[in-house]
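Chains as they are written, first to last, in the numbering used here: chain H, 341 to 975; chain E, 341 to 975.
It cannot be assumed that every hint is accurate.
You can't tell identical chains apart in this list, so a pair holds if it fits in one copy or across any two.
[Said to hold, decoys possible] No more than 27 Å apart at the CA atoms, straight line, and that leaves these computed lysine-lysine pairs for DSS-like:
#	residue 1	residue 2
1	K689	K574
2	K555	K826
3	K693	K555
4	K670	K609
5	K946	K502
6	K502	K362
7	K921	K946
Hint data in this document are derived by calculation from the structure and do not stem from the laboratory.
Protein chains: 2
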Amino acid sequence: MATSSPPAVSPAPAAVDNSALKEDAYQRIKWNGWGAKHAVMKVDEQDHTVVRHVNGKPIRGLIPFLHKEINGGDGPLPRLEATPGLSLEEALAKLPASVVNDAFIAQVQKGLQPSQIRLDGESRLTHLFGKNYRDLWRLRKGFFERAPDAVVLPQSHDDCVKLVEAAHKHNVVIIPFGGGTNVTGCVEPNPFDPARRMIVSIDMRRMTRMLSIDKESRVATFEVGVMGPDLDEKLGRHGFMFGHDPDSYIYSTLGGWIAARGSGAMSNKYGDIEQMVLSMKIVTPTGVIETPLTSRPCGVDLNGMFIGSEGIFGIITEAVVKVEPIPPVKHYEGYLFPSFEAGYSAFYKCTAKGIHPTCMRLYDEDDTRMSFAMKWDEPAYKTALSKAIKTYLTNVKGFKIEKMCLVILGFEGSRAEVNHQRDLTTPVFRQFDGFCVGQSAGAGWQEKKYDLPYIRDFALAHAHWADVFETSVLYAEAIPCWRAVKEAVRNVWKQHGKRGWIGCHAAHQYRFGCCLYFTFASAQKDDRDLEVFLKLKTAATEAILKHRGNLSHHHGIGFEHVPWIERYFGTPTLDLLLKFKKDVDPKNILNPGKLLPVAANAGESKAALTARRKEVQMFDKMGLPKGSKAPQAKL
Amino acid sequence: MATSSPPAVSPAPAAVDNSALKEDAYQRIKWNGWGAKHAVMKVDEQDHTVVRHVNGKPIRGLIPFLHKEINGGDGPLPRLEATPGLSLEEALAKLPASVVNDAFIAQVQKGLQPSQIRLDGESRLTHLFGKNYRDLWRLRKGFFERAPDAVVLPQSHDDCVKLVEAAHKHNVVIIPFGGGTNVTGCVEPNPFDPARRMIVSIDMRRMTRMLSIDKESRVATFEVGVMGPDLDEKLGRHGFMFGHDPDSYIYSTLGGWIAARGSGAMSNKYGDIEQMVLSMKIVTPTGVIETPLTSRPCGVDLNGMFIGSEGIFGIITEAVVKVEPIPPVKHYEGYLFPSFEAGYSAFYKCTAKGIHPTCMRLYDEDDTRMSFAMKWDEPAYKTALSKAIKTYLTNVKGFKIEKMCLVILGFEGSRAEVNHQRDLTTPVFRQFDGFCVGQSAGAGWQEKKYDLPYIRDFALAHAHWADVFETSVLYAEAIPCWRAVKEAVRNVWKQHGKRGWIGCHAAHQYRFGCCLYFTFASAQKDDRDLEVFLKLKTAATEAILKHRGNLSHHHGIGFEHVPWIERYFGTPTLDLLLKFKKDVDPKNILNPGKLLPVAANAGESKAALTARRKEVQMFDKMGLPKGSKAPQAKL
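Chain H extracted, bound-state conformation:
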């Protein structure tokens, strides 16, 4: 057993020599923002109240939203202050000096081609951070405590084996790097390494092959550096798709989804990543682990120890995944509810009745208003229809505009299946005063579902910040947690004499709970705003844990949640995980500082360990200006 190759109905393609690639994936995207180079939202050149989407379409609601919702402004719209970041040259000049382990480089050079090893500044800079607000803020300002000293681009599982062997032998730190879209600090070098070892980012994006497909069993083996669209394009040639659709879909990789325990918008039907992966190859310093390929785990199941492990237990190189037939019908539509509570009642009632459409997303009133603000100009008849609906809902049905909540419902499958699911959902939605606003709302969501990072970048470039966090909770805690988190965040703003905006949507209808996804934003006045941001994150996390939410539903742990991980797992479980870490990675070369806090030194007291953990945790230090007062993140 322990072979992850299903019958090669399609034979494995010959190894591709990617060395001739003109550009690597990381060279095609922004170093300091989201998405492809030059894909930027901008203020319209003629009208300072209008934003131009990356597709060029005018968005008229965004600047009013910033002005009114975030800053509490009134009256005419001000001209937004532009806050440009460093130029590439300026940023490169601020990169810390490299730490180079010559013996490691020499060994790697023997096994790999020259184009696979990058020591230049631009490669280092583009692998420094993930893509959360704090990451981009630091890139814009040049706050770099530590950077990867090299980037290596493996082209096969065997390349990864060579890399890990060399790193283990020469005590070099390695950080597996997928699409780099992580927002919890998973791919960032840890500056708290007393040995100041060389740090190497392993960019997986040359490993994109589909190695085999078994159409009968509907499983396929992929190298995990494949990004979303490429993965689906390869499956599409055989009439299949994967069904994983996170916001990062276009730029993130299969390996990243697995390593961060991702979940996509259609998880109701196609599953979270742990239901989509059958088997994996993982290269560890102590050997290659290959989890059995089987239709159901047998004995104990190691998949759970590597899914979500964020590179700290090894490099995931290949995975056997289930694949899905491309559904003939996709029907997405919108509903409006008079309140979040009403919408949630419909959401919960559907779950309780076993009604799980492909997608059900419930936006609270704040998120709904943001969603409306993101609309670009539509044909006049659509705008007129929207107005008519709003008039009807407010005048006839008594909805209050500022309290309305949007639900996006998605159905995929055969026509009969879609009809059946809709027939089940509609009466429940009507029971709680849901009003169907049709497929154009669904289409609008589909069009704009990957846009939030561009808006975040726009905010950063215009004296604002925006970020997201999420959790999953049992149903009994959903409404209390939603309320408590928003209140906790608003209280922090109040305490600091600031204001901001926070919205939330509920999604992922599990049988016993769901995900709450929060988006929040505020003005960015100076460097110290990051202090307040970390206090907000802290207060939100405390509120989440109080309501027994988990530390992350699908963003991963990174270094952002490490201060709470002992409380989350309990001390015996954490100690066991640290032992497991030592079993697979005795020299702690794999992505240190992420997911788990530092392990105890021999003979170290609990008090000394706790103090040391506080001292070296990245959460309350990275990016703060010198002399900042760190928030009280508990260990």
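Position chain E against the provided structure of chain H, taking the given hints into account.
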């Protein structure tokens, strides 16, 4: 976090003092067979061709089935030879002397009540084996290499903590014991302990409380010693059920289901056990692990390391499980297909179209004939109807009686849901010449689904043996594996000049594979038949692995599959699991010899380790008469 108590909508009941129990669960069931004392199938006193079911009803097909199918007999039915086993007194006299660790007993006596500690022979005998053929054969013959030296009956999680602490301190072996229905050797003492340590069975069946229920989130916390009917009765008071229905349901425990990675007949709708358990408390020698209670795992997921761990990583004491509303409609019906291939095509086509009724079980032609042979007498009109259907199918539709295959379909849910599922299934079944034989076939299956162990006991008492094994395979391997396993088993019989019967059913419609469940039987002439049995098991396992099936779909690993576990997991994964074992249980006190082979000694060569593993593996030694030639089970 790390607390598994959902909001106590129903408060936890006060700790129950079970010391006043007149009888413990193990005292109410047979020591040498399946089920309640006195529940026995017998040959009818008047008619030696008729078997009386435990419910007293006459079964006319079983003795002809033994005669014809198993032994290839012809002509008049012979009088079955009775092969009684030892009496209780004879068996007790054969128990090996106890190994008692006085310091351990003294420490346990301080923390527990006297009634919780049993050192008597009957307690030891009833915790000696599980319930497979080999287990019962040895009980009948008195082949006891080693027996538990004591049985301890904890009444709470805290009792288990005390027990594990004492065992760890005094180096006493402990074997967690649920219902004792395991069929792969999971609860049996391992005689290959060089230190000859005391061995204690921990009987969990006094730990039966529901500690809390959260009706909104639909989760409940249970002590895991609760048995199937009791669990559902406790949930039923709140309008819920669990939905786990293995063949052992009446006598097995929640903890056993978790520890052996169980799956029930309705898993399509309610899930395998790993989808039913959210969080667990596990007592290990190095601390209490509590996996987080959350609607989705976060970071890495330790549940997979304890589900299926068969007591080698700790005692599972409490679990938070999802609960299901009791479905208003349960519709079970039968179909007949002209061949297994036709039935399998319907089974697969449904899966491919996303049609997953609550239950879909496809019996091959051999299993179908056995199923018909198990029928008890029915009212005349039903018998007439059955005959008419058979006549129609053979004369009009061209089915061959001996090739016909039965499918049991089950639908549970609302009336609308059941109707919809049936509307989807029916045309697919018809497309492949399936003929609906109505709900009486479904009812018949429901009535008889727990009967197989009684028939097996009947066979044992009448010069025959019968046993089962199973696997799960990817769809591309289902038909080839089914064919190969049956052929491999029949070849072994042929090679040894014997004959037997083997049947199979397919169940559990996973998205990429299903379970194949084999039942096989032969005559039992003398003690050496066990040699052939082990060769059959070996040949079947080799055929399964060749077709990339797993070592067990839901029977667990026990000691039966240890010879193949390194091949199944691969050496690096096995080594990692052995390290994990050492992390949680450094003295190897937890159920040694099960699931994993022995770990390497310091400095031991791979060759020496392999030789030692062969020497101490239980699979090819337990129960064989001295001087037997063991099968070539590979390590």
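How the hints compare with the structure:
| no. | hint | in the structure |
| --- | --- | --- |
| 1 | K689 / K574 | between (38 Å within a copy, 24 Å between copies) |
| 2 | K555 / K826 | between (47 Å within a copy, 26 Å between copies) |
| 3 | K693 / K555 | between (33 Å within a copy, 14 Å between copies) |
| 4 | K670 / K609 | both (12 Å within a copy, 24 Å between copies) |
| 5 | K946 / K502 | between (38 Å within a copy, 24 Å between copies) |
| 6 | K502 / K362 | within (24 Å within a copy, 65 Å between copies) |
| 7 | K921 / K946 | both (19 Å within a copy, 24 Å between copies) |
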